[in-house]
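I would like the entire structure built from these sequences, with the hints used as guidance.
When the sequence shown is numbered by numbering that gives the first Met the number 0, its final residue is 171 and no position is left out of the sequence of numbers.
Since the hints were derived computationally from the structure, they do not count as laboratory data.
Just so you know, these numbers come straight off a predicted model, no measurement behind them.
Be aware that a few hints might be false.
[What the hints assert, rightly or not] The calculated EDC-like cross-link candidates involving lysine to aspartate or glutamate, where the alpha carbons are at most 20 angstroms apart (straight line), are:
| # | residue 1 | residue 2 |
| --- | --- | --- |
| 1 | 90 | 80 |
| 2 | 137 | 150 |
| 3 | 22 | 109 |
[As the list claims (entries may be wrong)] Okay, the calculated beta carbon distance ranges per label pair:
| # | residue 1 | residue 2 | range |
| --- | --- | --- | --- |
| 4 | 0 | 89 | 41 to 51 angstroms |
| 5 | 98 | 72 | 30 to 40 angstroms |
| 6 | 2 | 161 | 22 to 32 angstroms |
| 7 | 125 | 98 | 37 to 47 angstroms |
| 8 | 158 | 4 | 22 to 32 angstroms |
| 9 | 2 | 81 | 19 to 29 angstroms |
Every residue gets a Cβ at the ideal spot worked out from N, C-alpha and C, and that includes glycine.
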Amino acid sequence: MIHDLIGESEMEPIVGMLFSMVKENYYRLKSIVGEMSQEEIDYKGPNQGYNSIAQLLKHLAYVDLNWVYRIKGQPIPHDLEDKYGPMINEKGELPQVANCSLETLINQYEEVIEMLKTECYRLTDKELNQLVEYENGKEATIRWGIWHIADHSRYHQAHINQLHKWFFQEER
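As structure tokens, this is what we get:
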């Protein structure tokens, strides 16, 4: 098997390369969590002091959904906001996720990845230079946003791997 960052054949070259980074990280994430039990995805680390894998998966989907709609230049529709959000709760923390199966979380995240894929098909390499509102009045290029989706996934994959390690250390 040869690993490469080749985009979809219908995408422009740079857009395709960026999307392939997102896709590779999404597949990697699915392989990490694929066999986890409900107990493990709900596990919050030693002394229940961390975000659960379920919270992290929901967070990743919501952050990526925000990027899809930034790229579209539209606000997130209310039904999607209700389904995926909010970003944080009233305490400024990731919202709790209760009684949500791994299958549901992965299916929801896959819906967002498919939305991003659709947007990437319509994007040109030149449009990657467009600025969009990011957070707290900051701006970012669409190019940076797609890269950020991939980078953010890898960042939280490290947290998921640590939770997985702790889960099995406590099981012994």
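Structure-based check of all given hints:
Between residue 90 and residue 80 the alpha-carbon distance is near 19 angstroms, which keeps this suggested pair within the 20 angstroms criterion. Note on residue 137 and residue 150: the hinted pairing holds, with a Cα-Cα distance of about 18 angstroms set against a maximum of 20 angstroms. Distance restraint check for residue 22 and residue 109: the Cα-Cα separation of roughly 10 angstroms lies within the 20 angstroms cut-off, and the hinted pair is therefore satisfied. As the Cβ distance of residue 0 to residue 89 is approximately 47 angstroms, the hint placing it in 41 to 51 angstroms holds.
Restraint check, residue 98 to residue 72: a C-beta distance of roughly 35 angstroms satisfies the suggested window 30 to 40 angstroms. For residue 2 and residue 161, the Cβ-Cβ distance of about 25 angstroms falls inside the hinted range of 22 to 32 angstroms, so the restraint holds. The hint said 37 to 47 angstroms for the Cβ distance between residue 125 and residue 98, and at roughly 45 angstroms that hint holds. Against the hinted window of 22 to 32 angstroms, the Cβ-Cβ separation of residue 158 and residue 4 comes to about 24 angstroms, which satisfies the hint.
As the Cβ distance of residue 2 to residue 81 is approximately 38 angstroms, the hint placing it in 19 to 29 angstroms is violated.
This entry does not satisfy hint 9, going by the numbered hints stated previously; all others are met.
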